[in-house]
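My numbering puts the first residue of the sequence shown at 7, with every later residue one more than the last.
I should point out that these hints are in silico values taken from the structure, not numbers from a laboratory. Certain hints may be false.
Unchecked claim - Label-pair restraints from in silico Cβ distances: (1) Ser53 / Ser153: 35 to 43 Å; (2) Glu18 / Ile187: 37 to 45 Å; (3) Leu194 / Ser53: 14 to 22 Å; (4) Asn17 / Asp183: 19 to 27 Å; (5) Gly165 / Ile40: 23 to 31 Å; (6) Phe177 / Gly26: 28 to 36 Å; (7) Ile66 / Asp183: 24 to 32 Å.
Since the structure is predicted, the reported quantities are computational estimates derived from the model, not experimental observations. Using N, Cα and C, we set each Cβ at its ideal position, and we do this for glycine too.
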Amino acid sequence: MEHQTFEKTFNEGFTKFLSGYAVFATLFFFASVIIGDIIVPNHNWISDTISDLAAGQYSIVVDLGLYIFATGFLAVAMLTSHGHLGGPRWSAGTFALAVLALIVFMIGSRDEYGDSDQDGVVIHRYLVYALGFFMAVIPWLLSGGVSRISGKHGNWLIGVSIVWIITAPIFFMLPDDVDGIYERALGLISFTFIAVMAHLYWQLATGKTQSSYVER
């Protein structure tokens, strides 16, 4: 078991790049949804979900946003692998992040949104269930390692898990006239997770947060 400092082991520039890119990917997806809300005819952002937005004439706008957003999760997975903070929970969280990135990409690429497409194997709903599960457990899996570095960031991750577990299931019970705005609110929770992780690693890279980790 070898103890090493983050600063001596990890590339500062690469860590900053991944942190910055994760935030960029989040903002890109946010912007793609806003643009879609504006340019798609007869779209109601309160009642129509992002899936509905991605099913029509301008689907490429939101699809591209989802692709970039997926790479944002992948960037966080690369951060947690590059800066492994030790323990099986952390390893599981890192692997789950990579799977989550794939799930988000598949949601964008399968084109099974709000168009009632029943041709072939329709897996959109199952992908959404999987996304919900991973968003609930990943912040918790990473919270232990993060808390050893920064209690504040660790508490944020625990909060993300708790809020997601409470609020995400409600989405499937909502009437169609309000599920669009609720889904967008859930998106902000996932944005918060990425922002917390990106901020933590940016601080580690710049030396504003000092820590050591255990390489296993």
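- Message: Does the beta carbon distance between Ile66 and Asp183 stay inside 24 to 32 Å, or does it fall outside?
- Response: holds, 27 Å
- Return holds or violated for the Cβ distance of Glu18 and Ile187 against the range 37 to 45 Å. Given a distance of about 40 Å, which is inside 37 to 45 Å, the answer is holds.
- In this structure, is the beta-carbon distance linking Ser53 and Ser153 contained in 35 to 43 Å? Once the Cβ atoms are compared, 40 Å apart, the range 35 to 43 Å for Ser153 and Ser53 holds.
- Item | Outcome for the supplied range 23 to 31 Å, where the beta carbon pair is Gly165 and Ile40 | Hint holds: Cβ distance 26 Å, inside 23 to 31 Å.
- Go ahead and decide if the range 28 to 36 Å is satisfied by the Cβ distance of Phe177 to Gly26. Cβ of Phe177 to Cβ of Gly26: about 30 Å, so the range 28 to 36 Å holds.
- Query: Cβ-Cβ distance between Asn17 and Asp183: within 19 to 27 Å?
  - Reply: violated, 50 Å
- Query: Cβ-Cβ distance between Leu194 and Ser53: within 14 to 22 Å?
  - Reply: holds, 18 Å
Hint compliance for this structure: hint 4 is the single one not met.
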